[in-house]
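Work out the full structure, taking the sequences as your base and the hints as a guide.
Chains as they are written, first to last, in the working numbering: chain A, 13 to 406; chain B, 108 to 356; chain C, 59 to 264.
Note that these hints are calculated values from the structure, not bench results.
One should not assume that every hint holds.
As the list claims (entries may be wrong) - Residues from chain A shown here face chain C by an in silico Cβ test under 7 Å; the list is partial:
id	residue
1	83
2	302
3	303
4	391
5	393
6	396
7	397
As the list claims (entries may be wrong) - DEER-style ranges, computed between Cβ atoms:
id	chain 1	residue 1	chain 2	residue 2	range
8	A	391	B	147	45 to 55 Å
9	C	76	A	313	41 to 51 Å
10	C	182	B	211	48 to 58 Å
11	C	108	B	246	23 to 33 Å
Here a beta-carbon is modelled for each residue, glycine too, at the ideal position from N, C-alpha and C.
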Amino acid sequence: MPSTDTTGRRGFLRSACRHCLGLAALAGLPAIAQDLSSIRVPPRFKRPAADTDEGGLWGLMDREETRLKRSPLTIQDKDLRAYLSDLVCRLSEGHCTDIRVHPVRVPRFNAMMAPNGMMLVWSGLMLRAENEAQLAAVLGHELGHYLERHQVEQLRAAKDRAVLSTMVGMVGGVGSVLGQIGLMADMFAFSREHEERADRMGMRLMRHAGYDGREAAAIWDNLLAELRITGGKDAGKRGDMFETHPTTAGRRDQLLQLAGDAGGITGADPYRKVIAPLRLGWLQDEVKRGQYEESLVLFDRMLAKQPGDSEVLYARGEVHRLRDEAGDLERALSDLDAASRAPKAPVETFRALGLVHKQRSDRAAAARAFETYLAQAPQAPDAAMVRSYLAELK
Amino acid sequence: MPALASRTTRTLLIATVFAVGPAVQAQEVSTKHLAPGFTIRAPESRLVILPADMELFSISAGGVVEPREDWTEAAQKNFVAALATQKQRLGPHVTQLGAAEADEFADITTLHRAVADAISLHHIQGGLMALPTKGDRLDWSLGDAVRPLKERTGADYALFTWMRDSYTSNERKLAMVALALLGAITLGGEQVGYASLVDLNTGRVVWFNKLDRMWGDLRDSGASVETVEALLRGFPGSSGSEEASHAKH
Amino acid sequence: MKKVLALLLALLLAACANVSRMDGEQVVNDRLAVHLTDAWNKVSDPWEVDPYDTWTQEGIPLDHLRLWGGVRPGQPLMTKPAVFSRAADAKDRRVPTFRVGLPPERLVSLFEELYATAGAVTVTRMEPAMFAGQKGVRFEFTLARRSDDLDMQGVGWVAVRQDATWGEELYAATFVAPRLSFYQRLLPMAEAVVKSARIRSNPARS
Numbered sequence: 013m014p015s016t017d018t019t020g021r022r023g024f025l026r027s028a029c030r031h032c033l034g035l036a037a038l039a040g041l042p043a044i045a046q047d048l049s050s051i052r053v054p055p056r057f058k059r060p061a062a063d064t065d066e067g068g069l070w071g072l073m074d075r076e077e078t079r080l081k082r083s084p085l086t087i088q089d090k091d092l093r094a095y096l097s098d099l100v101c102r103l104s105e106g107h108c109t110d111i112r113v114h115p116v117r118v119p120r121f122n123a124m125m126a127p128n129g130m131m132l133v134w135s136g137l138m139l140r141a142e143n144e145a146q147l148a149a150v151l152g153h154e155l156g157h158y159l160e161r162h163q164v165e166q167l168r169a170a171k172d173r174a175v176l177s178t179m180v181g182m183v184g185g186v187g188s189v190l191g192q193i194g195l196m197a198d199m200f201a202f203s204r205e206h207e208e209r210a211d212r213m214g215m216r217l218m219r220h221a222g223y224d225g226r227e228a229a230a231i232w233d234n235l236l237a238e239l240r241i242t243g244g245k246d247a248g249k250r251g252d253m254f255e256t257h258p259t260t261a262g263r264r265d266q267l268l269q270l271a272g273d274a275g276g277i278t279g280a281d282p283y284r285k286v287i288a289p290l291r292l293g294w295l296q297d298e299v300k301r302g303q304y305e306e307s308l309v310l311f312d313r314m315l316a317k318q319p320g321d322s323e324v325l326y327a328r329g330e331v332h333r334l335r336d337e338a339g340d341l342e343r344a345l346s347d348l349d350a351a352s353r354a355p356k357a358p359v360e361t362f363r364a365l366g367l368v369h370k371q372r373s374d375r376a377a378a379a380r381a382f383e384t385y386l387a388q389a390p391q392a393p394d395a396a397m398v399r400s401y402l403a404e405l406k
Numbered sequence: 108m109p110a111l112a113s114r115t116t117r118t119l120l121i122a123t124v125f126a127v128g129p130a131v132q133a134q135e136v137s138t139k140h141l142a143p144g145f146t147i148r149a150p151e152s153r154l155v156i157l158p159a160d161m162e163l164f165s166i167s168a169g170g171v172v173e174p175r176e177d178w179t180e181a182a183q184k185n186f187v188a189a190l191a192t193q194k195q196r197l198g199p200h201v202t203q204l205g206a207a208e209a210d211e212f213a214d215i216t217t218l219h220r221a222v223a224d225a226i227s228l229h230h231i232q233g234g235l236m237a238l239p240t241k242g243d244r245l246d247w248s249l250g251d252a253v254r255p256l257k258e259r260t261g262a263d264y265a266l267f268t269w270m271r272d273s274y275t276s277n278e279r280k281l282a283m284v285a286l287a288l289l290g291a292i293t294l295g296g297e298q299v300g301y302a303s304l305v306d307l308n309t310g311r312v313v314w315f316n317k318l319d320r321m322w323g324d325l326r327d328s329g330a331s332v333e334t335v336e337a338l339l340r341g342f343p344g345s346s347g348s349e350e351a352s353h354a355k356h
Numbered sequence: 059m060k061k062v063l064a065l066l067l068a069l070l071l072a073a074c075a076n077v078s079r080m081d082g083e084q085v086v087n088d089r090l091a092v093h094l095t096d097a098w099n100k101v102s103d104p105w106e107v108d109p110y111d112t113w114t115q116e117g118i119p120l121d122h123l124r125l126w127g128g129v130r131p132g133q134p135l136m137t138k139p140a141v142f143s144r145a146a147d148a149k150d151r152r153v154p155t156f157r158v159g160l161p162p163e164r165l166v167s168l169f170e171e172l173y174a175t176a177g178a179v180t181v182t183r184m185e186p187a188m189f190a191g192q193k194g195v196r197f198e199f200t201l202a203r204r205s206d207d208l209d210m211q212g213v214g215w216v217a218v219r220q221d222a223t224w225g226e227e228l229y230a231a232t233f234v235a236p237r238l239s240f241y242q243r244l245l246p247m248a249e250a251v252v253k254s255a256r257i258r259s260n261p262a263r264s
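Spelled out as structure tokens, the structure:
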């Protein structure tokens, strides 16, 4: 799709744009995006009639939501759920009672919202958001899709386009004719126009709730950096089949323009506080993905902001330990050693440290680390394994 | 119903020209649908019916499948009403579990769904996918997983049902006719579903039936009875009651 | 999205796969020999691309016993997922791949990563154990399956053998079944297979 010419042109525009913003700031002119104030938040939706296409989506999603609530992948932590509900309440300006937020344990960056008011937030997103404003940006974007009823538009557009790629098929496992419901893909793969509109609505909601709009650009930028690892330098310009948030380099500039320089709440501390009890598990889920380069982009960024964060040091150390390519062993040692000295080091740090020392043939250091681990976690899942290592080392 | 008849006629014509999936058997081999050694339920046994897992869809002209809430709601009501006409088949001691209560047993339903998938794939469909160790027998059990359901309801058997049904919109029908005139074969709507009877004392699936056909209409209260009767064909009676003879439509 | 993938997979499997009966002496990949007292069902991979054999008692939606025999360094433990579109300078996603010199817990991590593609996985136990006559490791885990929200329980064994030609070879088995009722019921049958496992020396193929 984009040729090198276009990239070159966009690149020029990008640098020109930054230049412009800088100039505007120097001139003392608040670069407020006037077009934001023209965006109206619609009043609450009535439940659509059962015989409409939108009514059909609502019904289907209602039943999906009932099942979702019972899923082992749904996060039940009460404080987190209350926090997310409150955040979405403040963002959604009057639509509060129609929306239910469900945090889900999936280690990827995503959030989605169905026409019936069900919102899903994946743990991978919550791990990557650096503060409340960044989370608000993404949730506001989803609210944008919801408030402007993009899913229904997508469905109608798909019908108009006579999408013949959908086979007649059923959701679920039973049936001699299996196939996909084109519905799912169509409903969540938004058009470029929808994405831009959702960005604008999201920005408006964010700013009205008092958040710093520039954080929206930041979080999409961060995502792009991760996507570039496997997607190449053109990652995000064209989403693959299952990417629901195609993000472009130009998007950051658009968001910065919309944000202006009004400033606002970032809310780093309250955000960190509410995810603290869950974050280690999410970090471990990220490591288990086995996509080391992507994880390193994330962990490097997190540590650049918070150098002494023992949980992230542990996680990054684990990635280096598992990848084990040139130079990784030393990096793992450095990270895990730093983590172990921090006051709230996760107990797994000592296990990992012991394994690294063992690999370096530093028997004394390995034994010390393993002993610390077993002292703090005698019932650890791998206690038997670690004890056998200790026996070998002694 | 004129609409049903024309749809049936057209789809039957297509079916004769081009076999699409297994047709409903005129005579079922009983081992297909009944667990080994099981023929009838114990006398005075109690049956609990779980809410049907049901979705109805419409297929637009271009083949886009979209959910229809009005049809799904109607179908759920019709299904329950149709079940009520099956007293001879189901027996006198029948209770319907409400949606809220059924939700408490979501893990059992989730497990049962996987079991039903396995039965469908490896037993009903069978063929290359049949599991040799099963020896062509309906031999699956949820074991002690069903105990909480037994304790709550006091029932001896539980009936699980699952239906997915799609209907072609009028634009689609026109498109199908046009395509048929051009010589192309197109699929209309398909009704897929299963009914599964689980012995709550052992967890065994004692009876299983699958529907996979191009007709049937759950949107209509009259036609739903036909669907329910097809779904429950061969449903094991309890000793002391005769299963109603099935009248073909 | 997940349902689409699951359905596509089921579609492909249903279209081309077939199931055969396993009993008596069986050999996986010409290298891992097992002796079966209970019969099992082997699901044949349609295009012969999976690096493991898949066996089952109750069916694909319910349980599986996967067996890896003689995996060589550089070989992946699972097939790469299908990619629908990719830019010229895009990198492949990583898949857990065997290499020389992996200590036991790193071997377990490979399987943790393998199952993490199917849902949320947590290793609940890890201890030294013999497998196929080699010193190795046995591990237990839980898996919340993303495709249908079913709670699964699993156990695995993995061992590495020194080899003159390849340096090292990996042998492994995993057994996964629904946590409710099925896992406990079927585990003894899976363990019987694993206990009988032996490495076949002097393979017929090169």
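Hint check results:
{"no.": "1", "hint": "83", "result": "holds, 4 Å"}
{"no.": "2", "hint": "302", "result": "holds, 4 Å"}
{"no.": "3", "hint": "303", "result": "holds, 6 Å"}
{"no.": "4", "hint": "391", "result": "violated, 11 Å"}
{"no.": "5", "hint": "393", "result": "holds, 5 Å"}
{"no.": "6", "hint": "396", "result": "holds, 4 Å"}
{"no.": "7", "hint": "397", "result": "holds, 5 Å"}
{"no.": "8", "hint": "A/391 x B/147: 45 to 55 Å", "result": "holds, 51 Å"}
{"no.": "9", "hint": "C/76 x A/313: 41 to 51 Å", "result": "holds, 49 Å"}
{"no.": "10", "hint": "C/182 x B/211: 48 to 58 Å", "result": "violated, 26 Å"}
{"no.": "11", "hint": "C/108 x B/246: 23 to 33 Å", "result": "holds, 27 Å"}
In terms of the numbered hints stated before, the structure departs from hints 4, 10, listed from lowest to highest.
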